[in-house]
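Peer 1: Here are the chains, one letter per residue:
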Amino acid sequence: MKKVYSRIESIAGNVIAVKADGVAYGELAEVSTRFGMSLAEVIRLDGGLVSLQVFAGGRGISTGDEVRFLGNPMRVSFSDDLKGRIFNGAGEPRDKGPALTENLIPIGGPSVNPTKRIIPKEMIRTGIPMIDLFNTLVKSQKLPIFSVSGEPYNQLLARIAMQAEVDLIVLGGMGLKYDDYLYFKETLEEGGALQKTIMFVNTAADPVVECLMVPDISLAVAERFALKGLNVLVLLTDMTNFADSLKEIAITQEQVPSNRGYPGDLYSQLASRYEKAVDFADSGSITILAVTTMPGDDVTHPVPDNTGYITEGQFYLKGGRIEPFGSLSRLKQQVNGKTRADHRAIMDGMIKLFAAYRDTLEKKSMGFQMSAWDSKLLKYGELFEAQMMDLSVNIPLEGALDKGWEILAACFEPQETGLQTKLLDQFWPKKSH
Amino acid sequence: MTNTKGWVTGVNGNMVSVRVEGPVALNEVAFIEIGGKRLKAEVIRIRGDIVQTQVFEMTKGITVGLPVVFSGEMLAVELGPGLLGKIYDGLQNPLPEVAKQTGYFLEPGVYLDALPRATKWAWTPVAKPGDRVEKADLLGTVPEGTFTHQIMVPFGLLETYTVKSVKPAGQYTIQDEMVVLADAAGATISLTMMFEWPVKRAIDCYAERLKPTVPMVTKTRIIDTFFPVAKGGTYCVPGPFGAGKTVLQQVTSRNADVDIVIIAACGERAGEVVETLIEFPELIDPKTGRSLMERTIIVCNTSSMPVAAREASVYTAVTMAEYYRQMGLNVLLLADSTSRWAQAMREMSGRLEEIPGEEAFPAYLESVIAGFYERAGIVRLKSGAIGSVTIGGTVSPAGGNFEEPVTQATLKVVGAFHGLSRERSDARKYPAIHPLDSWSKYSSVIDGKAVAWAHYFLERGSEVGQMMKVVGEEGTSLDDFLIYLKGEFLDAVYLQQNSFDAVDASVSTERQSLMFSRVVKVLGSRFEFKDKEEARGWFNKLRQMFLDANSIEWATDKFRDADRAILDFLAAKVSGLDAAAGRIIENLERAV
Numbered sequence: 550m551k552k553v554y555s556r557i558e559s560i561a562g563n564v565i566a567v568k569a570d571g572v573a574y575g576e577l578a579e580v581s582t583r584f585g586m587s588l589a590e591v592i593r594l595d596g597g598l599v600s601l602q603v604f605a606g607g608r609g610i611s612t613g614d615e616v617r618f619l620g621n622p623m624r625v626s627f628s629d630d631l632k633g634r635i636f637n638g639a640g641e642p643r644d645k646g647p648a649l650t651e652n653l654i655p656i657g658g659p660s661v662n663p664t665k666r667i668i669p670k671e672m673i674r675t676g677i678p679m680i681d682l683f684n685t686l687v688k689s690q691k692l693p694i695f696s697v698s699g700e701p702y703n704q705l706l707a708r709i710a711m712q713a714e715v716d717l718i719v720l721g722g723m724g725l726k727y728d729d730y731l732y733f734k735e736t737l738e739e740g741g742a743l744q745k746t747i748m749f750v751n752t753a754a755d756p757v758v759e760c761l762m763v764p765d766i767s768l769a770v771a772e773r774f775a776l777k778g779l780n781v782l783v784l785l786t787d788m789t790n791f792a793d794s795l796k797e798i799a800i801t802q803e804q805v806p807s808n809r810g811y812p813g814d815l816y817s818q819l820a821s822r823y824e825k826a827v828d829f830a831d832s833g834s835i836t837i838l839a840v841t842t843m844p845g846d847d848v849t850h851p852v853p854d855n856t857g858y859i860t861e862g863q864f865y866l867k868g869g870r871i872e873p874f875g876s877l878s879r880l881k882q883q884v885n886g887k888t889r890a891d892h893r894a895i896m897d898g899m900i901k902l903f904a905a906y907r908d909t910l911e912k913k914s915m916g917f918q919m920s921a922w923d924s925k926l927l928k929y930g931e932l933f934e935a936q937m938m939d940l941s942v943n944i945p946l947e948g949a950l951d952k953g954w955e956i957l958a959a960c961f962e963p964q965e966t967g968l969q970t971k972l973l974d975q976f977w978p979k980k981s982h
Numbered sequence: 005m006t007n008t009k010g011w012v013t014g015v016n017g018n019m020v021s022v023r024v025e026g027p028v029a030l031n032e033v034a035f036i037e038i039g040g041k042r043l044k045a046e047v048i049r050i051r052g053d054i055v056q057t058q059v060f061e062m063t064k065g066i067t068v069g070l071p072v073v074f075s076g077e078m079l080a081v082e083l084g085p086g087l088l089g090k091i092y093d094g095l096q097n098p099l100p101e102v103a104k105q106t107g108y109f110l111e112p113g114v115y116l117d118a119l120p121r122a123t124k125w126a127w128t129p130v131a132k133p134g135d136r137v138e139k140a141d142l143l144g145t146v147p148e149g150t151f152t153h154q155i156m157v158p159f160g161l162l163e164t165y166t167v168k169s170v171k172p173a174g175q176y177t178i179q180d181e182m183v184v185l186a187d188a189a190g191a192t193i194s195l196t197m198m199f200e201w202p203v204k205r206a207i208d209c210y211a212e213r214l215k216p217t218v219p220m221v222t223k224t225r226i227i228d229t230f231f232p233v234a235k236g237g238t239y240c241v242p243g244p245f246g247a248g249k250t251v252l253q254q255v256t257s258r259n260a261d262v263d264i265v266i267i268a269a270c271g272e273r274a275g276e277v278v279e280t281l282i283e284f285p286e287l288i289d290p291k292t293g294r295s296l297m298e299r300t301i302i303v304c305n306t307s308s309m310p311v312a313a314r315e316a317s318v319y320t321a322v323t324m325a326e327y328y329r330q331m332g333l334n335v336l337l338l339a340d341s342t343s344r345w346a347q348a349m350r351e352m353s354g355r356l357e358e359i360p361g362e363e364a365f366p367a368y369l370e371s372v373i374a375g376f377y378e379r380a381g382i383v384r385l386k387s388g389a390i391g392s393v394t395i396g397g398t399v400s401p402a403g404g405n406f407e408e409p410v411t412q413a414t415l416k417v418v419g420a421f422h423g424l425s426r427e428r429s430d431a432r433k434y435p436a437i438h439p440l441d442s443w444s445k446y447s448s449v450i451d452g453k454a455v456a457w458a459h460y461f462l463e464r465g466s467e468v469g470q471m472m473k474v475v476g477e478e479g480t481s482l483d484d485f486l487i488y489l490k491g492e493f494l495d496a497v498y499l500q501q502n503s504f505d506a507v508d509a510s511v512s513t514e515r516q517s518l519m520f521s522r523v524v525k526v527l528g529s530r531f532e533f534k535d536k537e538e539a540r541g542w543f544n545k546l547r548q549m550f551l552d553a554n555s556i557e558w559a560t561d562k563f564r565d566a567d568r569a570i571l572d573f574l575a576a577k578v579s580g581l582d583a584a585a586g587r588i589i590e591n592l593e594r595a596v
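Note that the protein sequences, when read in sequence, are chains B and X. In terms of my numbering, the first sequence opens at residue 550 and continues consecutively. In terms of my numbering, the second sequence opens at residue 5 and continues consecutively.
Keep in mind that a hint or two might mislead.
Below, computed lysine-lysine pairings styled on BS3-like, alpha-carbon distance capped at 25 Å [unchecked claim]:
(1) B:LYS912 / X:LYS433
(2) X:LYS104 / B:LYS777
(3) B:LYS726 / B:LYS745
(4) X:LYS64 / B:LYS665
(5) B:LYS665 / X:LYS90
(6) B:LYS901 / X:LYS536
(7) X:LYS64 / B:LYS796
(8) B:LYS901 / X:LYS64
(9) B:LYS913 / B:LYS901
(10) B:LYS912 / X:LYS473
(11) X:LYS64 / B:LYS568
(12) B:LYS971 / X:LYS41
(13) B:LYS913 / X:LYS473
(14) B:LYS665 / X:LYS41
(15) X:LYS215 / B:LYS971
(16) X:LYS104 / B:LYS665
(17) X:LYS90 / B:LYS901
Read the hints as simulated data drawn from the structure, not as lab findings.
Working from the sequences, and respecting the hints, build out all of it.
Peer 2: Listed below in structure tokens is the structure:
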């Protein structure tokens, strides 16, 4: 049933309306314009009037252009052929490979039954001490990376993509700078990880509506692979662009804005994507890491704020480093008790001392006198920043724990660390001299 | 189903407009028929022959012209034996049974019986033929777990009836006819053990509503002593993300001194519900020795589940709470989070193109929130028994700012406010309830004057602390510094609680009284310290002794030793006791 309509009633922003019958909510259509064909999705039915958001945008569409309904919702091809490929937000190839049309699956499917979920229990190693040691990433966790524009969040994502122990990586780029897109592509190619990666990339130059599709497409594909037993890591960058696209469409649709222009359902929209993170009891899993840039470093901005209520913690990237304060993995308690006996103690102990170091720094900047203890803390803080926090540090968890003891031993006497005597006896480095 | 016919005329998100022929009621349940399935919806606005419905499912695939049928009934839940221990979605669909049918995913259009039909219940009749009965009168009982579940005259039967026949004691299912009533005209009414009740109507079959005065003990010191909650009262827990709202509710759901706990996980993370789902069957309720799950009902409509059902979920939960209250039980309803419920209303209001109020919330937000919390209450039933529904709701204010509409509307109607602060949670102080911002209108497990006396140290201590940030320790007098140390001491050993420690995680009121009197002794004592360094060192030691004592099991020799050690340590330094403190201690010790 492929009906063609050749009279567009209204065009506002990226949304067009046609009079049509028998059209389903969420159905796809093709709009042929003088610039070529574009997909469009039905976003509202009102009597005979059908509103569609045009993926390629409304610019240049004429009221005389043709709209052809396809009779199905947005779908994406699913097969092993996806691996190593790059697509745009509409699911069309971005690399030079062939278009995939086999085995189409719907996107934005239903939610997982909460009673079928299990308590997460396995860590994902990344080789980054600030993650592995201090805020462990857990299989099936959903974590955003809160950061300010200009921070190396995409570099961090790329590194995690290269090093994380997962079977498959799905990268969803939204409003990505073209340079960043190339960076991802090249880094993954050079690192040999491209073959286990699927990319859905919408660059800043591409239409806004396609940006809206990226999380759903990425997660639909990830879900299928997870059901086939793969542990999938979904990297999304940048969810703030996704939220801004939602805002753009909502405003064009004349919806009542709620907070700073964002639509009232922002929370539900974000949650329905993030909640796709899951560990299927007898199959694979989906873990989500998503960049959320915070306009003006303001964590109370609606996007990071709503995100924080949805996700299981956050990594806070600031000054090119993952900040120990403000970063939190809510699930770390599930896994860090069974890695190594000193994991939790080192995690808490080093952070407490680092907090003391920050206080000392403040005192120093205010011109107070530095005590002997303060000098120790200053030395400790510098070592901690250079050998733990720096993003270039790349060591497995056990190495990071050993490094932690080394740093402590270089700065303090054992009893000054506040760590349990039992652990000190076992792990405190023996002086060689 | 009624004879009213309808056809879809428009779809906008989860709002579907329908053209109708025939009568429709507001809040009536309608079903949209699509591809052999029926999607549940609720009528939320009627304008001429066009009605707007909110659909409790994803609306993808709905086309203009699809047929719609109307049930004639408002959105209702099933009430009867078998509710306890169940896990429902917002529409009372049993999720484990749904999973058996549809697997990992929640497919739209699958509605299952809320109460198990096959289970046999051991019926003991109470009513006899010839008895005159009204709504909510007792007809018989069945045991449900450790409770005696009362089978009552359905609350919707408004006249006085004569009992015609009653089934003898025996095993029956909830669909068996148990009692036959006859009304004044002689028409008979057949009753089973279950009936339905519309969720948005409060159950009010009681003799009178009482004032909530009895504390509902949560075994969390800062709540029971400083910001208590009464049985039949209401309280709210607002806090920014990561401040520990959900953890606090989980702890409360385990320890609260009530018969039944209903958890409404409303629009929050699924992962958090899973912890409860998996842990509760394993945990033992110290009162009954049975699994905690046997006294719990979970209504879970997590953030990615359909929004309209989220709106319904808190009503589903409170209706079941009221039902058990009607049996003379104390029920606690924990709603996490009411902000998500308010947001669900906002989404719908936006689609209805209503004129928005503050932050686009609908203008009726306040009255709806007030109406919900007003369903709490302690009541005297017609039988003379007392039952209560206590409601505790978390609020997730945007940006952690308590000035936003949902927090403000909630604060107007609740009896206690447990404000969580980012500052305290960052400092790993659990519970992160802010002792200066929070308040409660209910009476504490400890005399109110004593609590106020102790609270003064928190206020003054905080003032001195603020001042010290400016003038430094050098510029603070030793007396002021001592008040600061006392405030910090009270905070560290009494307000904070170690939830990972088996003993400290739940503290009986008896123990709270004793520890409180010890703390008062410290606060009211005069000390002679050489300098601030000595004072700080001494208080650090004292604090360590209290913290150690906090994790020793109550009423053991080990605890008594630790307690004595504290008193000795104190006696060695004290040079006098404030008169007010002396009176407080005297009163407390008399009570213990």
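Peer 1: Would you mind marking each hint as holding or not holding in the structure?
Peer 2: Against the structure, the hints come out as follows:
1. B:LYS912 / X:LYS433: holds (24 Å)
2. X:LYS104 / B:LYS777: OK: LYS104 (chain X) and LYS777 (chain B) at ~20 Å, within 25 Å.
3. B:LYS726 / B:LYS745: holds (23 Å)
4. X:LYS64 / B:LYS665: Satisfied, since the Cα-Cα distance of roughly 24 Å is no more than 25 Å.
5. B:LYS665 / X:LYS90: holds (15 Å)
6. B:LYS901 / X:LYS536: holds (24 Å)
7. X:LYS64 / B:LYS796: holds (21 Å)
8. B:LYS901 / X:LYS64: Since the Cα atoms of LYS901 (chain B) and LYS64 (chain X) sit roughly 51 Å apart, the hinted pair is violated (cutoff 25 Å).
9. B:LYS913 / B:LYS901: Cα-Cα ~18 Å, so holds.
10. B:LYS912 / X:LYS473: holds (11 Å)
11. X:LYS64 / B:LYS568: holds (19 Å)
12. B:LYS971 / X:LYS41: violated (63 Å)
13. B:LYS913 / X:LYS473: Answer holds: LYS913 (chain B) to LYS473 (chain X) is near 15 Å, not above 25 Å.
14. B:LYS665 / X:LYS41: holds (23 Å)
15. X:LYS215 / B:LYS971: violated (55 Å)
16. X:LYS104 / B:LYS665: Roughly 10 Å between the alpha carbons, so the hint for LYS104 (chain X) and LYS665 (chain B) holds.
17. X:LYS90 / B:LYS901: The hint is violated at about 43 Å.
Violated hints for the displayed structure, listed by number in ascending order: 8, 12, 15 and 17.
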